[in-house]
Each structure stands twice: as C-alpha cells, then as structure tokens.
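Residue strings, one per chain:
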Amino acid sequence: MANEMGSEFTSNATGNMEHARSNTMNDTENTAIALIERPHRVAIPTSAPHPLAFTPSTPLTMGVELELQLINVETQNLTTEADDLLRRMAKHKIAPNLKPEITQSMIEVNSSVHARFDTLQPELREIRDALVAEAKRMNIGICGGGNHPFQKWHERRIFPTDRFLAVAEKYGYLAKQFTVFGQHIHIGVANGDDAMYLCHSFARYVPHFVALAASSPFYQDTDTSFDSSRLSIVNAFPLAGHAPEVFQWEQFIHYFDKMQASGVVETMKDFYWDIRPKPEYGTVELRICDTPLTVDLAADLAAYAQTLAAWLLDDRGRGVSETSVMDLYLPYAVNRFQACRYGIQAELIQVETATRKPMAEDFINTAAKLQRYAAQLDTGESLQRLSRLALSGNNGALWLREQLKDCESMWEVVERATALWAT
Amino acid sequence: MFFDFLPVFPLKPSEFLLFGLVLLAGLIGGRLASLTRLMPVITGYILVGFICGPGGFNLITESMLNEMRVFVDISLGLILFDLGRRIDLRWLISEKWLLATGLVESALTFALLTIMFVVFDVPWVQAAIAGAVGVATSAAVVMRVASDVASEGPVTRRAFTLVAINNMVAVLLFTTLAPLVHLENSVVLADALLHPLYLIAGSVFLGAGLFQLLAIVSRWLRRTNTEQFILQLAMIVAAVGLAEMLHLSVLLTLLTLGLMARNVHPHRRLPVVEFGDVAQLFFVVLFVMTGASLKLADFSTVAWLALVFVIVRFVAKALPIFAFGTFSKLSLRQRTALSLSLTPLAGLAAGMTFMLGDLSGNGSPALSSLAGTVLLASVTLMQLAGPVAARFAFTYADEAGHSQ
Chain D
0 MANEMGSEFT SNATGNMEHA RSNTMNDTEN TAIALIERPH RVAIPTSAPH PLAFTPSTPL
60 TMGVELELQL INVETQNLTT EADDLLRRMA KHKIAPNLKP EITQSMIEVN SSVHARFDTL
120 QPELREIRDA LVAEAKRMNI GICGGGNHPF QKWHERRIFP TDRFLAVAEK YGYLAKQFTV
180 FGQHIHIGVA NGDDAMYLCH SFARYVPHFV ALAASSPFYQ DTDTSFDSSR LSIVNAFPLA
240 GHAPEVFQWE QFIHYFDKMQ ASGVVETMKD FYWDIRPKPE YGTVELRICD TPLTVDLAAD
300 LAAYAQTLAA WLLDDRGRGV SETSVMDLYL PYAVNRFQAC RYGIQAELIQ VETATRKPMA
360 EDFINTAAKL QRYAAQLDTG ESLQRLSRLA LSGNNGALWL REQLKDCESM WEVVERATAL
420 WAT
Chain L
0 MFFDFLPVFP LKPSEFLLFG LVLLAGLIGG RLASLTRLMP VITGYILVGF ICGPGGFNLI
60 TESMLNEMRV FVDISLGLIL FDLGRRIDLR WLISEKWLLA TGLVESALTF ALLTIMFVVF
120 DVPWVQAAIA GAVGVATSAA VVMRVASDVA SEGPVTRRAF TLVAINNMVA VLLFTTLAPL
180 VHLENSVVLA DALLHPLYLI AGSVFLGAGL FQLLAIVSRW LRRTNTEQFI LQLAMIVAAV
240 GLAEMLHLSV LLTLLTLGLM ARNVHPHRRL PVVEFGDVAQ LFFVVLFVMT GASLKLADFS
300 TVAWLALVFV IVRFVAKALP IFAFGTFSKL SLRQRTALSL SLTPLAGLAA GMTFMLGDLS
360 GNGSPALSSL AGTVLLASVT LMQLAGPVAA RFAFTYADEA GHSQ
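Just so you know, the protein sequences line up as chains D and L, in that order. With numbering that gives the first Met the number 0, the residue at position 411 of the first sequence is 410, and numbering never jumps. With numbering that gives the first Met the number 0, the residue at position 143 of the second sequence is 142, and numbering never jumps.
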C-alpha cells in the first residue's frame, strides 16, 4: 500500500548521513562513495518554496519500508489489531519505526536511512525481533509475503485516521482490497533531475525486483498462477503505472501543477506509480516489490537497488535519456506482467534487439556488471545471494507453493510463513 | 365411520412442528432484538423462549422442553468444543499474568460469594457450592455474542480464555464440594472421595481418547470444510452422549477435546473448521430453550440478594482484571470491557446444567432453598442482562466488526 515514510525517516537521516561520511572520508577513489560525497546542488529560495521543492539528500543512501501481515494464530486469517499493537509498542525503542496502514490487519515498519547494507540488515532484524516478541505476548503472528492467501477483503477494517478514512471514501472497495503487502525501497539522490533520471532508468529493472520478491501466489483461497498477484490489485487504481516521460525536475513540477490545477490529483500521494520521486525526502521510491518472506531478502533487494543506482548514476550512458525513454516504456507493461505471472521463469522482451531473454540470465548479467560498485558498497554478498535465488528460481512464491503441496492446507501455509518470518 | 382419515382432536403437535415453530419464534425474537441496536440477537431468542415457555404462555411445555433437550446438548457441546479450541496453552503459559488473572478472579469470586451466602445464614458447604456455581461464566453467551458482533481482538481473546479457566475451576470446585453434602447425608466416604476423581480423570481421558480418534479420521478424510465439519460435529455429539452415559462432566470432556484439537503437536492438529449456518440453527434452539427454561418464581424476597450476588461477582472478577491488567499492558478501556464481558452468569444456559440438575422446585439436593433460589434469581436476571453487557463490552473495546 502506498504509505509514506514518516518524519522519523528524515530525522534519522541526518545522523546516518554523518555516519556515512565519517566512514568514507579517506575513500576518495571510490566512485560510488564519491557519489555519496558529491556536494548537493541547493536551490536559492526566491519566494515561498513550491510544495514539490526537492530536498536534496545524500546520494545512494537507502531506506526500506515493509508492510506486514498481522495474523490470528488460531485461524491463520488476518487479524484486526494494528492499533493495539502500535499502542503496546508506543514506548518501545523501535516505536518511531512503526506506522499504521490502510486496514487494521497491516502494519508498516520503516528502517532508518543507511549508507551501507551492513547497518541496514541488523536494524531490520532488530525491528523484526521486537515486533515478533510483542506479537507473541499478544498471541498474534507477524508474517511477510505480498498478500494473505485466503483473507476476505470485505472483513477488513479501515484504520481510523482521517487520511485512511478519506482514501476509503474515495476508492470504495479498492481501499479494503488494498490489504496487500509491499516493500518500498528509497534511494537518496542529490536533486530532482537525478530523481527523474533514476525513476526512468530503474524502470528497465522493475521485472527483476518483482520476480525476486514475488511472494503472493495465492489469493481468495486459490492459486492465482501468478508469482505476484499483489500488483494486480495495485493496477486497479486510476493513477497506477509509471511516471510521465519528463527528465527535468522543473518539467515535473509543471506536470504536477497542471494535474493538480485540473483536479486529477491533490497531492503526490495520489500517484500509485511503480517508481516515484519523493521530493520531501530527496529519494526515489521503488514500490513494486512484494514484502518478502524474510527481512534478509528485503535487505538484499535494497542492496541491489543501491548498487544499481550507483551504476546508473555514475555511468549515465547506461541509463535512459530523453531520446531512449520511448523505447524503454514500450515493453514495460508486458515485462512487468511477465514477472508477475512467471516470476523468475519469465522471459523479458528486449526492444533494442527485438528478442526475448530469460529473466534469470538478464539478472545474472546485470549483477555481473555491478561488481565494481558492489565491491565499493559492500553489497557483493547480497548480489551473490540474489543470483543464487535467480538461478534456482526459488523465490517466495515457489516456497509457498511447495508448502501447500506438502501440507495441503492454506492455513498451515500461513502458519509456516509466520514461523519463517520470525527466524 | 366417516372422515376417519382426518386427525383426531385435540391435535397433538409433532416434534417437527415444534422444532419449526421454535426456530421461527427464535428468528422473530432475534430480529426484534437486533432492531433495538442494543440487545444482542440471543436476548431476543431468550425472551421469545421465556414468553412461549412454561413461565409465560406455556406454548412450549415441560415435556416439549425435555424432547428438545438433545438439541440443547448438541449446541452446548459445539460451544464448549469451540471454547476449548480457542485456548492457546502455549500463550497461557508464556503470558503468566493472564493465567494469574483467571485463577485469582475465579478464587476471589468463589471466596466472596461463599462469604456472602454464609453471612446470610446459608450453611458453609452449601454456601461454598453456590459460590462455586457463581465462578462460572456462560460460555454460550460470551461466545455467541462475540460471534454475532464479529468481535475479534485482545479483549475477546482474553475473555474466551478467562471463561474457559473459570468454567474449569467451577467444575473442579463443584465436584470436590458436592460429595461433602453426600457426607452430611451419610454417604460412604469412599464414594465421596472417588466421585470427583472419577469425574475429572474420566472426563479428561474421554476427551483425550476421542481426540485421538478424531485426529486419525481427520487425516484420512479430505481436508474440506464440509467433511471436517461433519466429522467434528459427529465427534462432539458422540462425546456429549458418552460423557452423559458414563456420568462424566460434559463440560470437561468437550473442553479437553477442544483444547487438544488446538494445542497438540502441529502435525496432528485438526483443521480449523467454520461451524457455519448449520451450527447457527442449533444455537437458536439453545437460547430459545434457555429462555423457556426460565421460571419466574416468587423472587420478591430474594431479589435484592440476587442483586448483591451479581454485584459481588462482578467486583470479584473485575478487581484482579484491573490489578493484573497493567502487567499485561491492557488499557483501562480494555480492562473495563474485559470485566463486563465476564458478567454473563453460567446457569441453565451452560455447563452448570449438567452439574446442578434441576435448580427449580425445591432446589438442587445439594443446595439449600435460599441459596438455590438466589442462584435461580441471579441466573434469570443475568440471562437477560448478561448478553447485553457482553455485547456492550465487545463494542466498547472497539472489537466488534459489525452489528449482527
């Protein structure tokens, strides 16, 4: 669901950016790190800042949001206790990392801002452990995965905040159907132009993220034959899709103003794009991953996004330009669909060669190109793990299907997925 | 003879007609209750039962009540099994404050109610038995009200657990105390000691044994809701029958069966089966019959005592909930709701029926007429007020999903 990082994200960011600097002061030959260190271009304010004024952030810093399932451990259905969980965690150290989501069956956790994988992963594990411990006291479960296999959407209850109630009013049943669970990855950029460049350049790799994270094969008590059925729910929103084909931040502001003035949108939150610039945080937000079944995979996916961004920002020829953007989006919807439907077994259309390429091969090739950047960012092991996952095809969707084959009951699949999340 | 194909007057209503009429009357009562937006549907069933029963217009006579008894027993079996499978023993062991709350509120209720009766000159043993009866909360009322309003959450979950604990404590207390009355009546000492042992151990063994059978058949059958529901219903009915046949506690047997279904090794666990519409049918009959069983004797002399009984019972349950709730991180609202959810007194509607026998008339042989009459008056009062309190509790805790 399209929720945003809270103010904690930015307040934590300052400290972590300083941390990033202090770790890397002597590493001047390091390209990716140099990107992190590159001075920001700061606009000089002339009048009241535009609501979409881009707040620069340290390039290549990253943050993760995970939407999690709250499980009734008796029935293994979704439970409706997000407000009680948040209340009970209010004084906990990780309280600033927790937020409500559209329905009472969900909770969102946010990481702080990290320059490195090796601080992100331990923090995600710490948040997970704290949540699982409190959930155990409440006698509920916490579970990963992109959706719940057999919950009935009409039984969901909207979390009673003004914003969520307004969303429910606006979108009707879609709001409750939006009880699906995604991972969002934020990558810091220096300015709005870089944000737009990265938004478009990431699009080529969206199928990788979809397939590796895919963990929503079941819906309404049935195998959907998709590896990620979650994204089909997102597609129902009128403003789903991808960002407009503009490259300068000023152009984007012009586009937004026009959309706002004509009443198409009210705020940036009305765009349910797969990849979205996030001017107030100075990030690009990847929103296409299912929440994986483990936090470790979530951290690996963030590491992949970070390394990919380092490469794309460093070598602009690899990314997308205004002349090539049309070609980029030609196969976008089909490739995205392929990744949802077949996961890692998908074949991706390559417009430049008019051929199809197996997803796993495409990912392995990409990972190989990232090695230099991975070495600098210490994300090599993450990429290796993801490469093994791509080669084996053993993503979350496959794991869930294997569990169902083994135990023949959807509720036991949920029970096993809940146990997996806790480990 | 002409017209000898016609029925002979006076017409004798068949059981089918009776069953149909009871359901119809129950539905109408339930609908009227839900229109009030305050009363749970089961209060409607109970009121209709009462109006139609021997205490009202006597449309449902004593003999009809007996004929319908089988439906009531099956309904109670379903409810007790369902209660058992709601209890997560691993959670209860790890969440010690909840266990402490259950044990202390049961003990305190027993102690205060016993003292209350003693103060009013009821002999010690009989006062204690009446106190033991007061410990139990109506599983039927709490669970059906929660189900009707689709209540789910921390208060609902804790309420179920506390209901199970105080019903078990009540049965243990009652079966331990009842023989003391026998002693007064010069019954053999061995009988007095062995009876509770037989009852408790026998019920637990029967429940556990039936679970083993249930688990084996369950694995052999397909894991569809329909087949598993029929299997579970069959075992529940058989368990009720066996427990009655062997003079064991239906409550303990069914609770054991339900507890094992939930808590034994995961690979032997039973699928969670939705009871669905068929079970609803039994529940309508249960509450209409409960209402029909209520008798408005001359309560004028004990009315205020019954009120004291209800208040003492509420306070005894609420105190530990408020005291220990802090350690369980319960909010004040949750503690208030939890205390209110335990107000439905188990009486003719729940497991106590099996232990007390007929409370009416001159009272159970185990109870003096004063204690018996006060209990009967309290049960009558709480059959009407209890469901309303429970419904309010789940709504107040913000756990009710929808209104009936």
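Since the hints were made in silico from the structure, they are not lab data. As the structure is a computational prediction, the values presented were derived from the model and not from experiment. Don't be surprised by glycine CBs; every beta carbon is placed ideally from N, CA and C. Be aware that one or more of the hints could be misleading.
[What the hints assert, rightly or not] Label-pair ranges, simulated between beta-carbon atoms:
{"no.": "1", "chain 1": "D", "residue 1": "H153", "chain 2": "L", "residue 2": "W303", "range": "47 to 53 Å"}
{"no.": "2", "chain 1": "L", "residue 1": "I50", "chain 2": "D", "residue 2": "L238", "range": "57 to 63 Å"}
{"no.": "3", "chain 1": "L", "residue 1": "F119", "chain 2": "D", "residue 2": "T160", "range": "30 to 36 Å"}
{"no.": "4", "chain 1": "D", "residue 1": "R387", "chain 2": "L", "residue 2": "F204", "range": "30 to 36 Å"}
{"no.": "5", "chain 1": "D", "residue 1": "R124", "chain 2": "L", "residue 2": "T223", "range": "35 to 41 Å"}
[To be verified] Some chain L residues close to chain D (C-beta under 8 Å, calculated; not the full set):
{"no.": "6", "residue": "D87"}
{"no.": "7", "residue": "E94"}
{"no.": "8", "residue": "K95"}
{"no.": "9", "residue": "E151"}
{"no.": "10", "residue": "P270"}
{"no.": "11", "residue": "F326"}
{"no.": "12", "residue": "K328"}
{"no.": "13", "residue": "S330"}
{"no.": "14", "residue": "R332"}
{"no.": "15", "residue": "G400"}
[Unchecked claim] Residues on chain L that point at chain D, a partial pick, calculated with CB under 8 Å:
{"no.": "16", "residue": "P9"}
{"no.": "17", "residue": "L10"}
{"no.": "18", "residue": "S13"}
Give me the numbers of the hints this structure contradicts, sorted from smallest to largest.
Hints 3, 4, 8, 11, 14, 16, 17 and 18 contradicted; others consistent.
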